[in-house]
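Each protein sequence line maps, in turn, to chains A and B. Under the working numbering, the first residue of the first sequence carries the number 1, and numbering increases by one thereafter. Under the working numbering, the first residue of the second sequence carries the number 1, and numbering increases by one thereafter.
Note that these hints are calculated values from the structure, not bench results. It is possible that part of the hints are untrue.
Claimed, not checked - Here are the computed lysine-lysine pairs in the DSBU-like style, where the Cα-Cα straight-line distance is at most 35 Å: (1) K26(A) <-> K133(A); (2) K133(A) <-> K94(B); (3) K122(A) <-> K94(B); (4) K26(A) <-> K122(A).
Here is what each chain is made of, one letter per residue.
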Amino acid sequence: MIQVENLTKVYGATAAVRGVDFTVAKGEVVGLLGPNGAGKSTTMRILAGALGATSGRALVGGVDVFQDPRGVKRILGYLPEVPPLYTDMTVREYLRFAARVKRAADPRAAVERVIGRVGLQKVAHRLIDNLSKGYRQRVGIAQALVHEPQVLLLDEPTSGLDPAQRVEIRELVRELSAGETTVVLSTHVLPEVEAVCDRAVIVHDGRVVAQDTVEAFAAVGRTVTLRVARPGDALPSRLLAIPGVVGVEPTGPGAWRIAADRDVREQVARAAVDDGLLELAAHRALEDVYLRLTRGEGEP
Amino acid sequence: MSVLHIAMREARAIFTTPVGWLVLCGWLLVTGIFWVASVGMYVAESQNVVFNPYGAALLNLQDHLVMPFYGNTTVVLVFVVPAVSMRLFSEEFKQRTMELLLTSPVSTLEIVLGKYLGALAFVLVALACTLHFPLTLEYWGEPDLGAIAGGYLALFSMSAALLAVGLLASSFTSNQIVALVVAFAASLALYVGGWLADGPDHWIARLGLLSHLEDMLRGAVRLSDLVYFAGIVGVSLFATWQRLESFRWR
């Protein structure tokens, strides 16, 4: 549904996005993950047609974003980082305007449908200016959904929301993907990706540094840190001999980091118990990969 | 269709913010003062010519009331129109609402036209609010309707031109005050620029607004004058369009 090939965006002397490649299948929920300034928002803005790219190609629903931007915009809904709300309008008036400029088939019906879907019934007649942050975010999502797009781009949809509101938005995203809507959402909240996404694309410094299914990323026990009281000389080789272990790397006196392709906690514990096992910790691979790939060089 | 939706939202937005109403009040106050002063002057002049049959023949409503009134009122537009145009794009940039339009299946040209026509609708309402002046004149006397129509054509042409200039100014900044000051300075320069010329037919004079308003205020519509105003509107809207297009490529 979405195909991004070697996408590059250069602002003056700084490159915000440098050669991003990824694809998203129909009905899939993909999380764009990365620190602030990694290029997530820029990538989304390019896909949404709000920004041109310096080079590269982007297809949405088989339509080239640069050749036929209008065609793409018809099938795409976009929630920017700051919801684009006209605060001097009521929720219903605003959504009607959005439905009209986005060419929803039956604007009035589309607005009532989306109000129900996003849970805005109680505030539909109120001025957007007077709404809380959570409701504003929902109005922003409603605006992106009103023309029933096939592809939905959500830039940090849960930022600044309380936990209950976050859960609601996650549920909405799951519902949408069940209904064949393709969703790309950006975030820097890892549990969120694990909760709603099928796949994660980690972006850092304008490049895709890792991408995989969330199951693969979220598998527990693939990276294990170990600390023992009396490390014997044979311990590293014993650890390496465990089936599935692919690497053992010392991180300090009596401490190792063990990488494996499956959950090896039990075997590691058994191998280390005679050396005075003090600590055995399993890491979520996603967090691990994320921190390893992005640590220490967040904001450019 | 999209142009119409954007224009309607724009006109609505002007009326739902205090700025729109304040501008309208200011406009009516100042045009009201001008009207009362013009009528007062006309009355004084007619008293002067009561015993002068030659003078009385020369005194008429169009030359001594209608024309001076609309001519003076054009200067009010220099202040009023930039106040209407300042928010057109600046506010969209500030509130980050431009993204909604830019990611909707609407071309940038449609956005520009929609904004322009929406604001123009407000200006038309403002002009319509002054219609009671000529209506009272029609009730009490026999004014030349051509001069009145010419007066409104002059006000409208000038508003349309200044609005396009103001729209362009607001497409360069997210700060409404900056948009206001730039639009005001440009409008005033266009208005008084002709004063630099050596004579009324000098090319510099033809660049200014005033030389193109004179004949209209007399009730004579000349194609060259209409082309002049349409030219300002066209060039400004085109520049605004290109300015928005450049956004995508910066």
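Hints and how they fare:
no.: 1; hint: K26(A) <-> K133(A); in the structure: 31 Å, holds
no.: 2; hint: K133(A) <-> K94(B); in the structure: 18 Å, holds
no.: 3; hint: K122(A) <-> K94(B); in the structure: 28 Å, holds
no.: 4; hint: K26(A) <-> K122(A); in the structure: 33 Å, holds
In this structure, every one of the numbered hints holds.
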